[in-house]
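There are 2 protein chains.
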Amino acid sequence: MTSETKEARVLEAIRERRELVNAAIDEELPVQEPERLYEATRYILEAGGKRLRPTVTTLAAEAVTGTEPMGADFRAFPSLDGDEVDVMRAAVAIEVIQSFTLIHDDIMDEDDLRRGVPAVHEAYDVSTAILAGDTLYSKAFEFMTETGADPQHGLEAMRMLASTCTEICEGQALDVAFESRDDILPEEYLEMVELKTAVLYGASAATPALLLGADEAVVDALYQYGIDSGRAFQIQDDVLDLTVPSEELGKQRGSDLVEGKETLITLHARQQGVDVDDLVDADTPAEVTEAAIDDAVAALEEVGSIEYARDTAADLTERSKEHLELLPESGSRSLLEDLADYLIVRGY
Amino acid sequence: MTSETKEARVLEAIRERRELVNAAIDEELPVQEPERLYEATRYILEAGGKRLRPTVTTLAAEAVTGTEPMGADFRAFPSLDGDEVDVMRAAVAIEVIQSFTLIHDDIMDEDDLRRGVPAVHEAYDVSTAILAGDTLYSKAFEFMTETGADPQHGLEAMRMLASTCTEICEGQALDVAFESRDDILPEEYLEMVELKTAVLYGASAATPALLLGADEAVVDALYQYGIDSGRAFQIQDDVLDLTVPSEELGKQRGSDLVEGKETLITLHARQQGVDVDDLVDADTPAEVTEAAIDDAVAALEEVGSIEYARDTAADLTERSKEHLELLPESGSRSLLEDLADYLIVRGY
Numbered sequence: 594m595t596s597e598t599k600e601a602r603v604l605e606a607i608r609e610r611r612e613l614v615n616a617a618i619d620e621e622l623p624v625q626e627p628e629r630l631y632e633a634t635r636y637i638l639e640a641g642g643k644r645l646r647p648t649v650t651t652l653a654a655e656a657v658t659g660t661e662p663m664g665a666d667f668r669a670f671p672s673l674d675g676d677e678v679d680v681m682r683a684a685v686a687i688e689v690i691q692s693f694t695l696i697h698d699d700i701m702d703e704d705d706l707r708r709g710v711p712a713v714h715e716a717y718d719v720s721t722a723i724l725a726g727d728t729l730y731s732k733a734f735e736f737m738t739e740t741g742a743d744p745q746h747g748l749e750a751m752r753m754l755a756s757t758c759t760e761i762c763e764g765q766a767l768d769v770a771f772e773s774r775d776d777i778l779p780e781e782y783l784e785m786v787e788l789k790t791a792v793l794y795g796a797s798a799a800t801p802a803l804l805l806g807a808d809e810a811v812v813d814a815l816y817q818y819g820i821d822s823g824r825a826f827q828i829q830d831d832v833l834d835l836t837v838p839s840e841e842l843g844k845q846r847g848s849d850l851v852e853g854k855e856t857l858i859t860l861h862a863r864q865q866g867v868d869v870d871d872l873v874d875a876d877t878p879a880e881v882t883e884a885a886i887d888d889a890v891a892a893l894e895e896v897g898s899i900e901y902a903r904d905t906a907a908d909l910t911e912r913s914k915e916h917l918e919l920l921p922e923s924g925s926r927s928l929l930e931d932l933a934d935y936l937i938v939r940g941y
Numbered sequence: 594m595t596s597e598t599k600e601a602r603v604l605e606a607i608r609e610r611r612e613l614v615n616a617a618i619d620e621e622l623p624v625q626e627p628e629r630l631y632e633a634t635r636y637i638l639e640a641g642g643k644r645l646r647p648t649v650t651t652l653a654a655e656a657v658t659g660t661e662p663m664g665a666d667f668r669a670f671p672s673l674d675g676d677e678v679d680v681m682r683a684a685v686a687i688e689v690i691q692s693f694t695l696i697h698d699d700i701m702d703e704d705d706l707r708r709g710v711p712a713v714h715e716a717y718d719v720s721t722a723i724l725a726g727d728t729l730y731s732k733a734f735e736f737m738t739e740t741g742a743d744p745q746h747g748l749e750a751m752r753m754l755a756s757t758c759t760e761i762c763e764g765q766a767l768d769v770a771f772e773s774r775d776d777i778l779p780e781e782y783l784e785m786v787e788l789k790t791a792v793l794y795g796a797s798a799a800t801p802a803l804l805l806g807a808d809e810a811v812v813d814a815l816y817q818y819g820i821d822s823g824r825a826f827q828i829q830d831d832v833l834d835l836t837v838p839s840e841e842l843g844k845q846r847g848s849d850l851v852e853g854k855e856t857l858i859t860l861h862a863r864q865q866g867v868d869v870d871d872l873v874d875a876d877t878p879a880e881v882t883e884a885a886i887d888d889a890v891a892a893l894e895e896v897g898s899i900e901y902a903r904d905t906a907a908d909l910t911e912r913s914k915e916h917l918e919l920l921p922e923s924g925s926r927s928l929l930e931d932l933a934d935y936l937i938v939r940g941y
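Sequence order for the protein chains is Y and D. Taking this note's numbering, I'd label the letters of the first sequence as residues 594 to 941. Taking this note's numbering, I'd label the letters of the second sequence as residues 594 to 941.
Derived from the structure by calculation, the hints contain no laboratory data. Every value quoted in this text rests on a predicted model; they were computed, and no experiment measured them. Hints are supplied without guarantee of correctness; some may be wrong.
If chains are identical, the list can't say which one is meant, so a pair holds when it fits in one copy or spans any two.
Here are the simulated DMTMM-like cross-link-like pairs (lysine to aspartate or glutamate), alpha carbons at most 25 Å apart as the crow flies [what the hints assert, rightly or not]:
#1 Lys-643 - Asp-702
#2 Lys-844 - Asp-830
#3 Lys-914 - Glu-661
#4 Lys-854 - Glu-626
#5 Lys-854 - Glu-784
#6 Lys-643 - Asp-674
#7 Lys-599 - Asp-830
Construct all of the structure, not just a fragment, from the sequences and the given hints.
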């Protein structure tokens, strides 16, 4: 299959699952009293998002059980023990955790735009944003208790969700701490990315395996698939922040650079002797010009830093796909492989 | 038994359990990397607190199983089915949830002092406070998955913890919304208090019943015990905010009044025709004088509002104790009754 056909197939899988996920979000998270609070919880979910993590969850459920793509009802998915599991509710739980982290991160990072619209703390206020995040947090745990899985499996999925959330917080704490340091090593950066981003991909892939009663080796393999493709995803995100036009990004291109966020790209450039702190002159994304970002990107390209980040992401993607060899061959397993590839070739 | 003897007995029970709870917190929540984050999670726990909720949890575990006070190891508590449950870990989970809500509430309410020391967002910064709260949140869920209870019971306890957290968020949202309204009804206030405060007392009392395999009727009775005594507790808190010297409160006396927070006291006073908004002149707790608070309290006493709040709390306390009649008689059940009484006679 050509890479273009593969990408079209992945995009179609994402699109059809996104529709199901959005319908499930409507069912699981209705706006109720107090309305302003629940509207704020829905606001960011309605602003967009590809639902990549729920796509991983539903594909992994199929791959674990050897079910062909879209071959079973995600609301009553046959487990390996014969009972029915609401895999979709688990997928919504993970998407909802992702939304909670975006809301709180935007407050901490003072990012005022998200998905092209004002962040929750701008559209509402900081108090509502903190509370909306906290509400999504507990809702996710509520959903995960209600999948209908065998209680032992359900409890294991809860444990993974809880420890994943702890790790995400640790990753965000490291990310914030890195802003006031200028001696970060690439391996420290990669550890931060693993905690902040990759563990939720790991949980997205491994949770259905836990719920459906898969062997520990299969759970581990899917978790590692998620970790490696999640790290690649974040590195690609750092590349996109510099290379995709602001209109498509939904926020100012190069804002990581303006805000002094270290990425694998800036860390590599520093090692090549580039004075990264002087690359752009502006203090806030609102002040910077597109021309200034163009110059900065050219300087980073000259020393090979953007290519280095792309190569690292490609290596991680290859590794992520190798973990899947443990699973039975199926169309769903192929789609998981193609999805890993897509995560690093995607535009935005 | 005289009421003084009863109170001494309750205080002794709280003291001895607090020591065990504090030791368990040290074990369950060590300071690890990233250190600043984990120090912030420990900061508020170390600043004090009576550990009333874990006291309720440990007493309820004893009362459910007919165990006399301190008659079994809370780390390996015999369930009704014969297995051993780490009731202490569940108690720590609930205390940790309480700490998370305090940290986030203090940011939202712009309360800069807590337990006599700067709030987390003052001692550290807002980002660290948001993250410390988020970390305690997931840690609590981690702890609750690791009690060793029968998986079905464990999952039920997780569900109660998660829905309790959702309700706490709803209660805090109502509390924030009430600040910009001047037409709040006493029953709306009581509903807010139920969500914001009482449900966590309900969960504190009912969780051990779930984990230990008690009948649904016992679970419900303990939950209602917690709800009614928790509502009484919050109403008493509102009374204390006006009547306890600032040094003992750990913050400015009357700060609720200065900040325009409605309480059962102010709502009653409004119904008596008092212009509550004009009772004190200051805009922030830092500006107000003790004399101005004295005058405001005198005005509220004159129309009977403080007595009304005390009477309402006393009624709720009586009701809370009636729910316990379903449990077998034991020293632990008596202590739960006495604890309910203590919640509304306590100073601070």
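Hints, one by one, checked against the model:
For a Cα distance limit of 25 Å, the shortest separation of Lys-643 from Asp-702 inside one copy, 22 Å, qualifies, whereas the shortest one across copies, 35 Å, does not. For a Cα distance limit of 25 Å, the shortest separation of Lys-844 from Asp-830 inside one copy, 13 Å, qualifies, whereas the shortest one across copies, 46 Å, does not. Taking the shortest alpha-carbon separations for Lys-914 and Glu-661, only the intra-copy value of 18 Å comes in at or below 25 Å, while the best inter-copy value is 57 Å. For the identical chains of this complex, Lys-854 and Glu-626 are inter-copy neighbours only, at 21 Å across copies versus 39 Å inside a copy, given an alpha-carbon limit of 25 Å.
Only within a single protomer do Lys-854 and Glu-784 lie at most 25 Å apart by alpha-carbon distance; the minimum there is 15 Å, versus 44 Å between protomers. In this assembly of identical chains, the alpha carbons of Lys-643 and Asp-674 never lie at most 25 Å apart, being 32 Å within a copy and 47 Å across copies at closest. In this homomeric assembly, Lys-599 and Asp-830 come within 25 Å of each other (Cα to Cα) only inside a single copy, at 21 Å, whereas the closest approach across copies is 63 Å.
Hint 6 from the list above is the single one not met by this structure.
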